[in-house]
Amino acid sequence: MSNEGVDEAGWDLEPGDESAPLVEAVGRLVKFCREAAGMRVAELGDALGYGEDMVRKIERGVRIPRPNFLDRADEILNAGGHLKAFMEDVEKARYPKKVRELKALEDRAVELMQYSNHNIQGLLQTPEYARALFEMTQPAYSADVVERETAARLARKSIFEREPAPTLSFVQEEVTLERPLGGKMVLRRQLEHLLEVAQLRNVTLQVMPTGREEHAGTQGLIQVLKFADGTAVGRSEGAFNGRPVSNPRDLRILELRYGMIRAQALTPRESLAFIEQALGRL
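For the sequence shown, the numbering used here assigns the number -2 to the initial residue and increments by one for each residue that follows.
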């Protein structure tokens, strides 16, 4: 059995994760269904294509199973849909806590404003680009963590499928469109994807040229999310010690900076032309 196959079973539960009771309950149910079917751990592992130790971890509730693990186990153990019933829950639980919290905010947002200065913003990333970023992280992530983080980031892209559609505004630094992270082919596909996303009626994409002599974004990343009830939350790397803020005074500061960044950047039409030119140079 290869390590690659074993890792595909799921992800280790993070210490202190509030999803622990759910994962433990699912693990107990897997064990109950296995014993009711008269199968040993090793037999279930063989039937699923995973190692015995991995199945034991899932049954002990220390590893979050992938949804397809529960799907296949339900059929093999004749569980009558009891394991499949938890597929949606583990789909959410398998992502890191910080990503779940961010996605919950994005799922509520009616407006999102994002300025990114060192790489393509997460919601705009292709799978290949996102994976390349996580593979470059130092200290190096394990293959297991790279896969988990990549899947979590891609899950956030559901914001583009919501109805009614939220208003999404992005400003990208020029350098993020030119640095070939992951290789030129990865960057080419990433730029093509940006052009596709920019065609959506609820999306505004702008580019901040490196040659600008005035720039309100020198303090780094800015993100503001507004909600239907009139509340909002925002953060910036260079303000309020990088912590999220929600009081009106602090939010006004972030919105002022973001508004100036948008005014100093290329217009949406100019930005699309810029991206097309960058794509043509690859």
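Since the hints were derived computationally from the structure, they do not count as laboratory data. Heads up, the beta-carbon is just placed ideally off N, CA and C, and yes, glycines get one too. Hints may contain errors.
The calculated EDC-like cross-link candidates involving lysine to aspartate or glutamate, where the alpha carbons are at most 20 Å apart (straight line), are [said to hold, decoys possible]:
id : residue 1 : residue 2
1  : 28        : 43
2  : 100       : 144
3  : 100       : 160
4  : 181       : 132
5  : 95        : 85
6  : 154       : 71
7  : 89        : 141
8  : 154       : 125
9  : 100       : 15
10 : 95        : 43
11 : 81        : 71
12 : 95        : 160
13 : 223       : 103
14 : 223       : 132
15 : 28        : 72
16 : 95        : 14
Pairwise CB distance ranges, derived in the manner of DEER restraints [unchecked claim]:
id : residue 1 : residue 2 : range
17 : 94        : 159       : 31 to 37 Å
18 : 160       : 89        : 16 to 22 Å
19 : 182       : 102       : 47 to 53 Å
Verification of the hints:
1. 28 with 43: Status holds; Cα separation ~15 Å.
2. 100 with 144: Cα-Cα ~18 Å, so holds.
3. 100 with 160: holds, 16 Å
4. 181 with 132: At roughly 16 Å apart (the allowed maximum being 20 Å), residue 132 and residue 181 satisfy the hint.
5. 95 with 85: holds, 19 Å
6. 154 with 71: Violated: residue 154 and residue 71 sit about 29 Å apart, past 20 Å.
7. 89 with 141: holds, 17 Å
8. 154 with 125: Satisfied, since the Cα-Cα distance of roughly 14 Å is no more than 20 Å.
9. 100 with 15: The given pair, whose Cα atoms are some 16 Å apart, holds under the 20 Å limit.
10. 95 with 43: violated, 34 Å
11. 81 with 71: Measuring from Cα to Cα gives roughly 6 Å; hence the hint holds.
12. 95 with 160: violated, 25 Å
13. 223 with 103: The given pair, whose Cα atoms are some 9 Å apart, holds under the 20 Å limit.
14. 223 with 132: Distance ~32 Å between residue 223 and residue 132 Cα, so the pair is violated.
15. 28 with 72: Holds. Residue 28 to residue 72 sits at ~14 Å (cutoff 20 Å).
16. 95 with 14: holds, 10 Å
17. 94 with 159: 31 to 37 Å: Because 22 Å falls outside the window, the suggested range is violated.
18. 160 with 89: 16 to 22 Å: With a Cβ separation near 20 Å, residue 160 and residue 89 satisfy 16 to 22 Å, so the hint holds.
19. 182 with 102: 47 to 53 Å: At roughly 33 Å between Cβ atoms, residue 102 and residue 182 fall outside 47 to 53 Å, so the hint is violated.
Checked against the numbered hints given earlier, the structure breaks hints 6, 10, 12, 14, 17, 19 and satisfies all the rest.
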